[in-house]
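Protein chains: 2
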Amino acid sequence: MITPPYLLFLGDAPDPLAAKVAQGIRDWNPEAARGQLRLPGCRADMGLPDLTPAEAVAAGAKTLVIGVANRGGTISAAWKSVLVEALAAGLDLASGLHNLLRDEPELVAAAERHGRALHDVRVPTVAYPIANGKPRTGKRCLAIGTDCSIGKMYTALAMARDMAARNMKASFRATGQTGILITGDGVPLDAVVADFMAGAIEHLTPDNDPDHWDLIEGQGSLFHASYSGVTLALIHGGQPDALILCHEPTRRHMRGLPDYKLPSLEALRDLGLTMARVVNAGVAVVGISVNTAALHEEAALEYLAATEARMGLPTVDPFRQGAGRLIDALPV
Amino acid sequence: MITPPYLLFLGDAPDPLAAKVAQGIRDWNPEAARGQLRLPGCRADMGLPDLTPAEAVAAGAKTLVIGVANRGGTISAAWKSVLVEALAAGLDLASGLHNLLRDEPELVAAAERHGRALHDVRVPTVAYPIANGKPRTGKRCLAIGTDCSIGKMYTALAMARDMAARNMKASFRATGQTGILITGDGVPLDAVVADFMAGAIEHLTPDNDPDHWDLIEGQGSLFHASYSGVTLALIHGGQPDALILCHEPTRRHMRGLPDYKLPSLEALRDLGLTMARVVNAGVAVVGISVNTAALHEEAALEYLAATEARMGLPTVDPFRQGAGRLIDALPV
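Chains as they are written, first to last, in the numbering used here: chain E, 284 to 615; chain R, 284 to 615.
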């Protein structure tokens with residue numbers, strides 16, 4: 284569990300996209316974003332106060348979160364001196380980088396010296412159990428996609444935010460690095476050992492109030508040759524009551540697999556239901572979330588309406604329209 | 284790669300079942316089984332010459348394989364002195380135990396001193412790639428089951444042996460600890476990190492001669508809530524041309540999941556085909572392998588005949604009848 288609030292480290296981000304983890308925290312957990320720290324040459328800006336580590340601590344920050352990708356896959360000397368300064372000022376560090384903080388002797392030594400924690404969210408820290416398949420109290424919703432990187436996390440975050448605004452009991456459950464850094468907790472599912480994947484998701488979504496919803500962050504796709512096993516473990520460990528289908532209508536092939544076409548929404552609906560029914564006979568597909576960023580407004584609305592008519596399910600782009608109709612479609 | 288031939292260490296096995304890894308090697312890779320080493324009180328016997336490590340080396344053995352489960356989850360002092368003696372005599376060690384050889388300082392020191400290798404087959408030693416989904420030359424057959432531990436490994440081993448006897452090009456591809464110790468190589472799939480599962484299977488079953496068959500050892504079941512993700516990664520990484528359905532007709536519930544019934548063979552056929560078609564449009568279900576050990580001969584034959592009539596697929600128990608009809612059913 285990463286302790287909020289955060290100082291968002293933007294480093295020397297060459298463009299705003301490089302700081303997308305920071306942007307995710309800014310957008311989805313704004314009360315945790317206490318300030319930003321930029322190095323010379325940084326071209327990203329979260330519109331937050333620029334704070335030194337000491338100023339951030341004075342403002343209540345507990346953790347410096349690395350909100351930017353590192354260039355060339357190394358943690359540079361310029362970064363390291365700031366990170367050591369942050370530890371000395373009393374901040375923990377949290378990172379989703381491939382290079383682990385714990386593999387940097389200077390950072391390990393400084394963390395020990397100052398009694399601070401290093402959180403590498405790419406590495407599981409819990410000894411997850413083997414899944415037992417037992418039903419749990421509370422409700423669970425999972426977004427599944429025709430492909431990877433198609434809007435599943437965005438959909439779950441948007442639903443969780445809008446449900447909170449309605450005073451519904453809802454928790455976003457992170458299963459990837461960005462989601463974990465946004466919420467401060469979760470399971471880095473792609474780094475979990477095969478035998479424990481489904482058990483990790485059971486652990487992440489335990490018994491809860493009967494009217495509480497877990498909005499589980501999806502991963503991969505049942506139709507993606509590289510990652511489908513991760514997706515199936517999510518379905519069987521999550522025991523969803525509700526499935527949301529996610530799609531991006533202009534994508535030409537499966538991400539990273541140029542020779543693979545995306546499946547139809549019908550195929551995703553049927554296979555998702557078949558799989559989820561193994562662990563939850565009552566599961567239903569309740570809606571469709573489409574990422575229409577690549578379409579103009581008119582074309583987007585036309586596509587959404589046509590899909591809704593074809594599939595007979597509420598179909599929205601939560602970025603353009605909010606997630607309200609998906610929430611309305613959840614079973615009581 | 285574990286170097287044959289082997290000295291099979293049976294330790295103080297309290298009964299033959301405790302030595303089932305040794306029995307598997309004896310049954311399926313008999314030319315590798317050069318001798319056995321038993322401690323006082325051992326109640327297992329492979330019918331092999333009893334050899335000391337030095338005698339085994341003189342007889343050509345290269346590796347001592349721990350063919351027995353350890354009681355209480357610890358490597359006892361009695362075991363350790365024999366294992367150190369084996370290293371000193373010039374043997375490598377190979378083990379599928381949960382307790383790793385590499386975690387025993389005495390064994391690590393002795394291995395270094397004598398220049399020998401310690402093989403813990405539960406731990407992946409290869410940095411497997413992310414699966415790329417590209418078609419490969421050669422043919423692949425995968426057994427999938429209505430449940431775990433239902434005869435998938437046995438079926439693949441029986442097919443590989445009978446294909447070799449027919450001078451067909453065939454390789455058993457191990458994906459579990461016992462299979463790896465039997466063949467000396469493979470992928471310990473249940474210990475691979477989630478993102479690399481399918482890539483590990485692509486790595487295990489590379490391009491081959493057009494008329495070569497990989498017989499891939501199955502794992503788990505698409506219908507098993509704990510392990511289904513592992514099974515799906517096997518299907519998508521393996522890109523099978525042929526699927527064999529495996530079943531055990533007297534099992535009352537899914538292994539380890541008392542509240543879960545087994546699916547029908549029809550459900551397994553349909554879901555297996557749907558999943559395998561994602562990566563190989565030409566895949567076919569070619570036969571059914573039934574473990575009828577719990578049935579008397581007459582009941583077994585009756586069940587096999589009724590299932591064959593119902594499913595329209597060659598249906599055999601390879602233990603009673605051999606795997607010939609499954610091999611005949613493979614596409615040319």
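Please note: incorrect hints may appear among the correct ones.
If several chains are the same, the list does not tell them apart, and a pair holds so long as it fits within one copy or across any two.
[Unchecked claim] In silico SDA-like pairs for lysine to any residue, Cα to Cα no more than 20 Å straight-line:
| hint | residue 1 | residue 2 |
| --- | --- | --- |
| 1 | K544 | A564 |
| 2 | K417 | R538 |
| 3 | K544 | I413 |
| 4 | K303 | E314 |
| 5 | K363 | H495 |
| 6 | K452 | A372 |
| 7 | K417 | N563 |
| 8 | K363 | A393 |
| 9 | K544 | P418 |
| 10 | K544 | R560 |
| 11 | K417 | R535 |
| 12 | K417 | K544 |
| 13 | K363 | R385 |
| 14 | K345 | R399 |
| 15 | K417 | R593 |
| 16 | K303 | A576 |
| 17 | K452 | A582 |
| 18 | K544 | R419 |
| 19 | K417 | C431 |
| 20 | K363 | L334 |
| 21 | K452 | V340 |
Rather than coming from a laboratory, the hints here were simulated on the basis of the structure.
I'd like to know which numbered hints this structure contradicts. Please list them from smallest to largest. 5, 6, 15, 17, 21
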